[in-house]
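**Q** Residues per chain, in single letters:
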Amino acid sequence: MSTVAVVFEARSPLRRVTWALPVAVLLLALPYAIGAYQTILLAYGLIFAIAALGFNLLLGYTGLLSFGHSAYFGVGAYTVAFMVKYLHATSMEFFVAGTLVTSILVSVLFGFVCVRYTRIFFGILTLALSQVLWSLAFKFFWVTGGTDGLRVPAPSLLGLRLGAGEDKIAFLAGPYYYYVLALFFLCVAVMWVIVSSPFGRALQAIRDNETRAEFVGVQIRTYRLIAFVVSGVFTGLAGALWVPLNGLTTPDIMHWTFSGELVFMTVLGGFRTFTGPIIGAVVFNYLKTYAVGFTVYWQLFLGVILVVLVLSLPTGIAGTAARALARARRAA
Amino acid sequence: MDVFVIHVLNALLYASTLFLTAGGLSLIYGVMRIVNLAHGNIYAFGAYVSAWIVGSLLAGAPTAVLYVLLPAGALAAALVGAVLEPTLLRRFYKRAEEYQLLVTFGLLMILEDLMRLLWGPFPLSASALFENIGSLSIGESLYPGYNLVVIGIGAVAAAFLWAFVYRTKFGVVLRATSQDMRMASALGVNVNRIYVQAFTIGCFMAGLGGAIIVPAQSAVLGMGVDALVLAFIVVVIGGLGSLEGALVGAFIVGVVREAGITLFPEIELAVLYLMAALVLLIRPAGLFGRA
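Protein chains in written order, with our numbering: chain A, 1 to 332; chain B, 333 to 623.
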């Protein structure tokens, strides 16, 4: 783990803005250039990017590999579904607020248990706890709809509701996309502040050398717990945003194989960089969507990509690109 | 009383296949320190091969012949293990656990679809063996005789494995490698060979678990992923890397499953996962593991 060079330190904040600005403009303008289907697909990618961003606070910055992040994604999704079913709520802001509460509750509870361990035990413990939630969602069908899932209609955004005759696709590709995009920008900004803060540096210190960090005075378990909760909240928020887009939530998103997909996205993009998980999530979403559309053997395709990736490009897309860029600059 | 006997037999039935899958997983972790997420798919592969040979390729052959051929799935699984370890997994022992988990997760996806590719999306059954053996009456109820065969094979496999690990020269070398790979290597043990052998045995056990369950249940896609999490629970309760632990864990999980299905079916799985989490909290190394 320590052999991979940390590449995100070298750039100044100003440089980052020059990178981020064109991307932001592109994301704002894209719905006008591409069709509704592509816009919705991109919205899925951005939502997974929020989840992967949260996940990577644990893997990339704190050095803890969770195999149970599907739990928080599912908590977000089911919070929204329950609010629709039992409270008859429609406001997206209300959903987001509700998800923040539930995902904090669940991740504090799970985190308190899990951060006592590291390495493989942490991974298995997170996996076991997420499977508890999955099995509950699966078995208590009179509450959760079981494998049929729960339907979630189009929510109202900032008080504006979708009219009776209006097209849902146009809603999802229009206002809802921008809603997701706004929260995506917010999440990226918040995460950037977190990882650049002294707290973020302390997490990296814990990752690199636990004993040293402890001697410097870092409260390891507390810091890990906070990172765990922040990570869970980001992933929960992603789940809440995902549900109206998908229209339905099923226990599948709580299953540990979905946690595996989150790990996949993050490593595909590169877990040692800030932008890696974002790129990885968007790319993974395209890969999976097209592979599923192209062949029933999409798992085979993705599996081969994953194996080749860990064999030959362990730093992911972002890490490999950064290294290629550095080499090109040295050559020039 | 009859009902109680049937519950006990069912618990033993679960424990028998659980021990085979979890024992293999634990053996592999104990020797190589690698958690193989594709282990459940090896089990499923064993089930598919046996179902294919016994249920469709040679359907209608005499029952005795079918019994002899049933372990073919275990051999096929062992072959897969013998190929995978040196070609792929060996590169990952020195790398971070993240990569080990990821590469085996990739293998999980690949194997899942290879089975779909080879045998199609429909369940594959070999129920002739299950039906031919008939059933025996316990009190007023009937109990399938084949289940007793599964329990018997599980017991024999456990005994063989114990003898193999604790009573043979190979077992001594295996345990030495498990305890201290570098020291064993320095004393002249060919660690690479031990690794491939241990991995093959682990896969053989998983494949055997799949092969013997397939006459009673069909081989279906997704059975591997389900089996993996159950094997995880067993191994976590018993202790990663401990064979005794896998045996005791399999009994505990078998009993809880059987009790759960009759008494608290809704939370049966949740109780199992919570048990695993609880054991990890109190004794992270499991009941029988070394920290």
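Hint data in this document are derived by calculation from the structure and do not stem from the laboratory.
All C-beta atoms in this analysis are idealised placements derived from N, C-alpha and C, irrespective of residue type, glycine included.
Please note that the accuracy of each hint is not assured.
What the hints assert, rightly or not - Distance ranges between label pairs, derived from CB positions:
hint, chain 1, residue 1, chain 2, residue 2, range
1, A, Tyr286, B, Arg365, 33 to 39 angstroms
2, A, Tyr286, B, Ser469, 57 to 63 angstroms
3, B, Arg427, A, Ser196, 25 to 31 angstroms
4, B, Ile593, A, Thr147, 50 to 56 angstroms
Stated by the list, open to error - Not the full set, but computed from the structure, chain A residues with beta-carbon under 8 angstroms of chain B:
hint, residue
5, Leu65
6, Ile120
7, Gly123
8, Leu129
9, Trp256
Stated by the list, open to error - Residues on chain A that point at chain B, a partial pick, calculated with CB under 8 angstroms:
hint, residue
10, Leu26
11, Gln38
12, Leu41
13, Phe121
14, Gln131
15, Val132
16, Lys139
17, Val218
18, Arg221
19, Thr257
20, Val267
21, Tyr297
22, Gln299
23, Val307
24, Pro314
**Q** Does each hint hold? Answer for all of them.
**A** Hint-by-hint comparison with the structure:
| no. | hint | result |
| --- | --- | --- |
| 1 | A:Tyr286 to B:Arg365: 33 to 39 angstroms | holds, 36 angstroms |
| 2 | A:Tyr286 to B:Ser469: 57 to 63 angstroms | holds, 60 angstroms |
| 3 | B:Arg427 to A:Ser196: 25 to 31 angstroms | holds, 29 angstroms |
| 4 | B:Ile593 to A:Thr147: 50 to 56 angstroms | violated, 19 angstroms |
| 5 | Leu65 | holds, 5 angstroms |
| 6 | Ile120 | holds, 6 angstroms |
| 7 | Gly123 | holds, 7 angstroms |
| 8 | Leu129 | holds, 6 angstroms |
| 9 | Trp256 | holds, 7 angstroms |
| 10 | Leu26 | violated, 30 angstroms |
| 11 | Gln38 | violated, 26 angstroms |
| 12 | Leu41 | violated, 22 angstroms |
| 13 | Phe121 | holds, 5 angstroms |
| 14 | Gln131 | holds, 5 angstroms |
| 15 | Val132 | holds, 4 angstroms |
| 16 | Lys139 | holds, 5 angstroms |
| 17 | Val218 | violated, 22 angstroms |
| 18 | Arg221 | violated, 14 angstroms |
| 19 | Thr257 | holds, 6 angstroms |
| 20 | Val267 | holds, 6 angstroms |
| 21 | Tyr297 | holds, 5 angstroms |
| 22 | Gln299 | holds, 4 angstroms |
| 23 | Val307 | holds, 4 angstroms |
| 24 | Pro314 | holds, 6 angstroms |
This entry does not satisfy hints 4, 10, 11, 12, 17, 18, going by the numbered hints stated previously.
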